[in-house]
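J.: Take a look at the letters that make up each chain.
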Amino acid sequence: MTAARPDDELALVDLLDRLLAGGVMITGDVTISLADVDLVHVSLRALISSVHTLTGGSDG
Amino acid sequence: MSPDELVWLYAVRLAGAEGAPAGPGVDGEAPRLVAEAELAAVVGTVAAGRFDEAGMAAAMEDLGRLEQLARAHHDVVVRAAAEVPVAPVRLATLYRDDDAVRRLLRERAEEFAALLRRVGGHREWGVKVYALPQEEREPAAAPAASTDRPGTAYLFRRRAERDRGARSREQARDAAERLHTTLAGRSSAAHRYPMQDARLSGRTEEMVLNAGYLVADGREAEFRDAVDAADDGRVRVELTGPWPAFSFTTWEEP
Chain A
7 MTAARPDDEL ALVDLLDRLL AGGVMITGDV TISLADVDLV HVSLRALISS
57 VHTLTGGSDG
Chain B
58 MSPDELVWLY AVRLAGAEGA PAGPGVDGEA PRLVAEAELA AVVGTVAAGR
108 FDEAGMAAAM EDLGRLEQLA RAHHDVVVRA AAEVPVAPVR LATLYRDDDA
158 VRRLLRERAE EFAALLRRVG GHREWGVKVY ALPQEEREPA AAPAASTDRP
208 GTAYLFRRRA ERDRGARSRE QARDAAERLH TTLAGRSSAA HRYPMQDARL
258 SGRTEEMVLN AGYLVADGRE AEFRDAVDAA DDGRVRVELT GPWPAFSFTT
308 WEEP
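Chains as they are written, first to last, in our numbering: chain A, 7 to 66; chain B, 58 to 311.
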């Protein structure tokens, strides 16, 4: 079934796809290098590695 | 600005009559605007203690905290985008003070203007496609005819099931590629994300497409028709959105 449910809470994984790998990427005064973060949360580590895969070869 | 405070950047838009979007922002603050010439940044004043390098590094290790920040950031961008076209900024972009934000708007004015022209009159839609599990697609094969060698029959049956599973996954991937081509043709731009990790999505079906599409307002009906038509019982198609155009404002620092 096709589902478009703007009223439902957005899935976190869909949000993180866009917020961590999308949007204008500017180097601010506070820089957070995801690569330097010691990621303790296993699922978060999986996410970040997929984000890194993306930024290595985006097809725009 | 006090040294105890930092400026969180949500989005950039054209300066204009519209006010700042409603809060709360990532630190519970009311968002405000920092304008420079033609552009205005949607920003929030946040506590340096929670949002400096150490605070953000800690937040990135805590999925609950990351979720709270992501939802608050997204909500402010959505409210801003409801008024005017915006270029959303990636999560966790922070400046020491408003002057630094004005400098950014000045130095990158042309790039921001180009992004805003690109996303104006469009909304982003997300499409996710999953291969349906075998049991939802077709009934289990009838038991093999009885044979003198039940062990052999069992092995044949297992192999047939495995082949069928591989074939159906391949068909689902083909269907996803065809859908992507169709949707890209009805969009101004398309962007494919990596397949989501099952540990984060909680989904057991195999994901075969994870993409965002920048759809002109006048083409939304035909875009959604194509999404509906792809949902043919062999794959599960899910539409998300509309989103602010996060997937199409990915200019990066040189």
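Hints were generated in silico from the structure; no laboratory data involved.
In this text, all values refer to a predicted model and were calculated from it rather than measured experimentally.
Beta carbons are placed, not taken as given, at the ideal position from N, Cα and C, and that holds for glycine.
Watch out, some of these pointers could steer you wrong.
Selected chain B positions facing chain A (Cβ under 10 Å, derived; list incomplete) [what the hints assert, rightly or not]:
no., residue
1, L120
2, L126
3, T238
Pulled from the structure, derived: some chain B residues nowhere near chain A, Cβ distances all over 12 Å [claimed, not checked]:
no., residue
4, E86
5, A127
6, R147
7, A149
8, K185
J.: With d taken as the least Cβ-Cβ distance between A127/B and chain A, does d exceed 12 Å?
T.: 5 Å, violated
J.: Would you check whether the claim that R147/B is not at the interface survives, using Cβ distances to chain A and the 12 Å cut-off?
T.: Violated, since 4 Å does not exceed 12 Å.
J.: With d taken as the least Cβ-Cβ distance between E86/B and chain A, does d exceed 12 Å?
T.: Its Cβ never comes within 12 Å of chain A, the nearest being 16 Å, so this holds.
J.: Since A149/B was said not to touch the interface, does its Cβ keep a gap of more than 12 Å from each Cβ of chain A?
T.: Contrary to the label, A149/B does not stay out of reach of chain A, its closest Cβ about 5 Å off (not over 12 Å).
J.: Hold the hint about L126/B up to the distance rule: shortest CB distance to chain A must be less than 10 Å.
T.: 9 Å, holds
J.: Any CB of chain A closer than 10 Å to the CB of T238/B?
T.: 13 Å, violated
J.: Test the statement that K185/B is away from the interface with chain A: the closest C-beta pair must be farther apart than 12 Å.
T.: Given a closest Cβ separation of 8 Å, the condition is violated.
J.: Report holds or violated for the interface hint on L120/B, using the least CB-CB distance to chain A and a cut-off of 10 Å.
T.: 5 Å, holds
In this structure, the hints that do not hold are numbers 3, 5, 6, 7 and 8, in rising order.
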